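Protein chains: 2
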Amino acid sequence: MNTGKNRQFRLASRPVGDITPNNFEYREEPIPSPSDGEVLVRNIYLSLDPTNRIWMSDRPQYMPPVAIGQVMRGGGIGVVEESKHPNFHPGDLVSGLLGWQDYALALGNTGNGISKLPSPLPCPLTAFVGPLGATGITAYCGFLDIGQPQAGETVVVSAAAGAVGSVVGQIAKIKNCRVVGITSSDEKCRWLLEELGFDDAINYKTANLETALAQSCPDGIDIYFDNVGGAILDAVLTKINLHARIPLCGLISAYNATEPVPGPYNYSQILMQRAKIQGFIILDYLPRFPEAMQELGQWLNQGKIKYKLEIVEGLENAPSAILKLFDGNKIGKLAVKVADEPV
Amino acid sequence: MNTGKNRQFRLASRPVGDITPNNFEYREEPIPSPSDGEVLVRNIYLSLDPTNRIWMSDRPQYMPPVAIGQVMRGGGIGVVEESKHPNFHPGDLVSGLLGWQDYALALGNTGNGISKLPSPLPCPLTAFVGPLGATGITAYCGFLDIGQPQAGETVVVSAAAGAVGSVVGQIAKIKNCRVVGITSSDEKCRWLLEELGFDDAINYKTANLETALAQSCPDGIDIYFDNVGGAILDAVLTKINLHARIPLCGLISAYNATEPVPGPYNYSQILMQRAKIQGFIILDYLPRFPEAMQELGQWLNQGKIKYKLEIVEGLENAPSAILKLFDGNKIGKLAVKVADEPV
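Protein sequence lines, in the order shown, are assigned to chains A and B.
The numbering used here puts the first residue of the first sequence at 1, with every later residue one more than the last.
The numbering used here puts the first residue of the second sequence at 1001, with every later residue one more than the last.
Just chain A, with the same shape it has in the complex (with noise of 0.2 Å):
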């Protein structure tokens, strides 16, 4: 048995517009101990992602939102301390929704689930924070399942920078497609140029995006990954080929919004190019994991996949590091180190 604390985040008022650290609440817990059917995670990675501040608000949304006075909700990556089900030891490293603490209870009642990692690590832990995480295979899933890219196309990718979209724009590149990120800093454009080998990236907050994109992608937009929706994806709408896939992952425009925010103006072209638009959720391929990730650590090992991940040290840090993924300057994906990796 542990004798320390649980340190824990929870929510302690939701956001109007932007995120605040105050949203969060600071507590001190006991260690829980598992009962049967159990398990008890001591988390090392938090994993920090736009998604999280859907949870926050009370609108109608994918999984329920996180109640005023629940511990924020969190994917991480962490090892089995105690366990009391059968399929899980001690030392077992773990991923799944532990939230922000240091300590999680996982399956049994809780109904929060883990699945274990492979064993020997076919690579750093850190990866499955990063390209072979939920962000990887929400990519990976999103972008083949619905996009459905052939070779030759042309596929834009927005937040291309991103956790998501730095993914996106390498499964497209070994799909022999055209790729064009949509970022915002000369810096990005030049990670995605120079490291990930995009065909074209352009920065939205200083060039005419409708103008760049023609000049960008002149045989037309074969499918748009959509992170971000509002202005970027109308400016896409204009330049879209007939019969356009549009895999929508994020909205990220319209997360911090306290108005109500229209769809987008071109939307008749989704008519006029019987173009598709389709929403996923990396929860509707939880069967497609396992074939995810080891395709995605094939190429993470031949070099095909790159990524950079940000690590914010110290659980006390994930107020203030959360913040970091809506002020246009993160590169990659971004992370809590919430404890050291088992040794």
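By construction, these hints were calculated from the structure, which means they are not laboratory data.
Note that the structure is predicted; figures quoted are calculated from it, not measured.
Check before you lean on any hint, since a few could be wrong.
Looking from chain A toward chain B, a few residues come up when the C-beta cut is under 8 Å (computed) [unchecked claim]: (1) Q61; (2) P260; (3) V261; (4) L271; (5) R274; (6) I277; (7) F280; (8) D284; (9) L286.
Glycine residues also receive a C-beta, built at the ideal position from the N, C-alpha and C atoms.
Knowing the structure of chain A, use the given hints to seat chain B on it.
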């Protein structure tokens, strides 16, 4: 050779907002003579459809807009008067984009394709303006192909008493779905319920649409066949089920707009419910016309598909008749009788 005149309406100006009869110019031209490979068709019925409004505007669309000075484009049914094409003979009944005129030249270099109707006719000729015409086939292909209806699912259709919507709802009943129609008058609601066998019908002009949908669709909405867009789409989006399908057939709410029209405010529901919106145009389904006509014809003869056709007498009335598409009073299909049917 024919010695009469060819009465025509040409597009004189583009509508700003609503169509007015002044947008058309009346002309009398000589009846043309077919060159090699061409066919001269005498028009019998001219189909009037909301999509005609799209063609009158100079904005992105699925075919080139009608040019100013060009004969107004329109679907129709006619009889071959003279043929210099080996596959067509005088007396053949044909359908195609014959235009707002007494006589059309088809095939050959004009590029204006026509298709022969079945001979002998399996049902009255007028059925080929209605459920066996482009609007019925639109309903058939879009609903079945994109909607993928399963028995027991709930289907909502807008412009439900229109030429397309009324057929969608009846096919949905044939497929053992629960069918709710949204329309604009109590008279239309009665027609849907009493004649066409819809399970429920909502007059959106007098009902609170979200409340009415909640009552009519206690199990949520699995398929929304959208003919209108706008506020009705927004209300429907609040009630869609996981993995809902939205065949996007038309956006009549926006056709007369003079300002940019926002997309749905509840667009995020597409993500949250992992729904699919897919635009389609009947031209994409040309290879399926024979199959669609055969099955629709069987349903028609079995009494499973009913239709209402409003026929306006005389080509000279086309410019005023088309306004009926937008005033909310039309039930079923609208057409103009240009000439008597062959005896």
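Problem - Contradicted hints - numbers only - result: 9
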